[in-house]
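Using the sequences provided together with the hints, build the complete structure.
Residues 776 to 1105 (the numbering used here) make up the sequence shown, in order.
Since the hints were made in silico from the structure, they are not lab data.
For every residue, glycine included, the Cβ atom is placed at its ideal position computed from N, Cα and C.
Among the hints, a few may not be true.
[Stated by the list, open to error] Computed spacing ranges between beta-carbons, pair by pair:
id: 1; residue 1: Gly902; residue 2: Val1000; range: 46 to 52 angstroms
id: 2; residue 1: Ser1058; residue 2: Tyr993; range: 20 to 26 angstroms
id: 3; residue 1: Ala923; residue 2: Asn1008; range: 29 to 35 angstroms
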Amino acid sequence: YVTASPTACFDVYVGDESAEIIALNGTVDFVHINGGSYEVKTGLSSVIADKQQVSSGSGRANSDWNAWNVSQNHVWDNRAQAKGQSVKYLPEPLHTESYVLEENGRWENVYYENGYRYFWRPRVSVGWAPFTVGRWTSWYGDHCWIPAEPFGYVTHHYGNWVYANNFWYWAPPVIGVALGPIGIGFGWYPGRVSWIHSGVHVGWVPLAPHEVYYSHRYWGPHSVVISPNVHMNMGRYRYIDRAVIIHRDNLYHVHDYSSVKIAHINHKTLIKNYRPAPVMNNSVIHNYDSIPQRHHYTNALVTEKPRHSTVDRIQQNQHYRSPERIPTQP
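Okay, here's the thing in structure tokens:
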């Protein structure tokens, strides 16, 4: 492990069997598994260690990689300093998400469930709906929503979406024993929807706050682990008329379902022709278990990733043996 003062800055290149510690500012101490302590200073040799030995390295950090990390630090600094209404309405564990809500929407006092409440309304195009811009992926048996919107993570994995005054609003989670009339307790959910299907079509319905979310494991309030005796009445879902219906072949092959959504399916057709399903399985999509794309997390080319030089350096450190071993500090 590494010990450092609050003003020190260091980089660690971690491989499967070795690690390199570089001091970027100030001095840090590396403590090896054998108990030896090694001082690492800015501008001098780095330390490369595996389970058996500790050796000296070049001491130089990759400038491009370091610049990228500095930029990421600025992102997190901005998160921590975020102000505005969002801090007031979010539970403390989500305060670092305030900045993304401030930049992408606004809080409104909305009449809902016999009272006025503050909900967050996203700045989106006409006709937008939750659980449309992104994709589904299977994660530990449950379907997890992978958002493609900057505000998508916190609003689709915490709290709940509600529909009022012809708009979708996000209701933040509530911490406490008394959750109130619409409160969803604080907890992370893969994606609070109910599944429906008919022939080659599959769909999902955003759940209202008190509607049951069926899953393979317990995630939090209003989450129920599936059993053979699950009884579902899709006609009682508050937002059944706002179900997203697509051809099953598109479920794992697009990252914006609004472009493939089947339009103009009325309430009568949904109730008559579609059946509910607590979770996605072979009864919903034929040969579901043999679809490899259900485990993919993106359909897009990844552009932000570690530079080849950084990865190469880590791999080289796995086999590196310096002729000069570093003595432990007295």
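*asked:* To test your reading of the hints: which numbers does this structure violate?
replied: Result: hint 1 breaks, nothing else.
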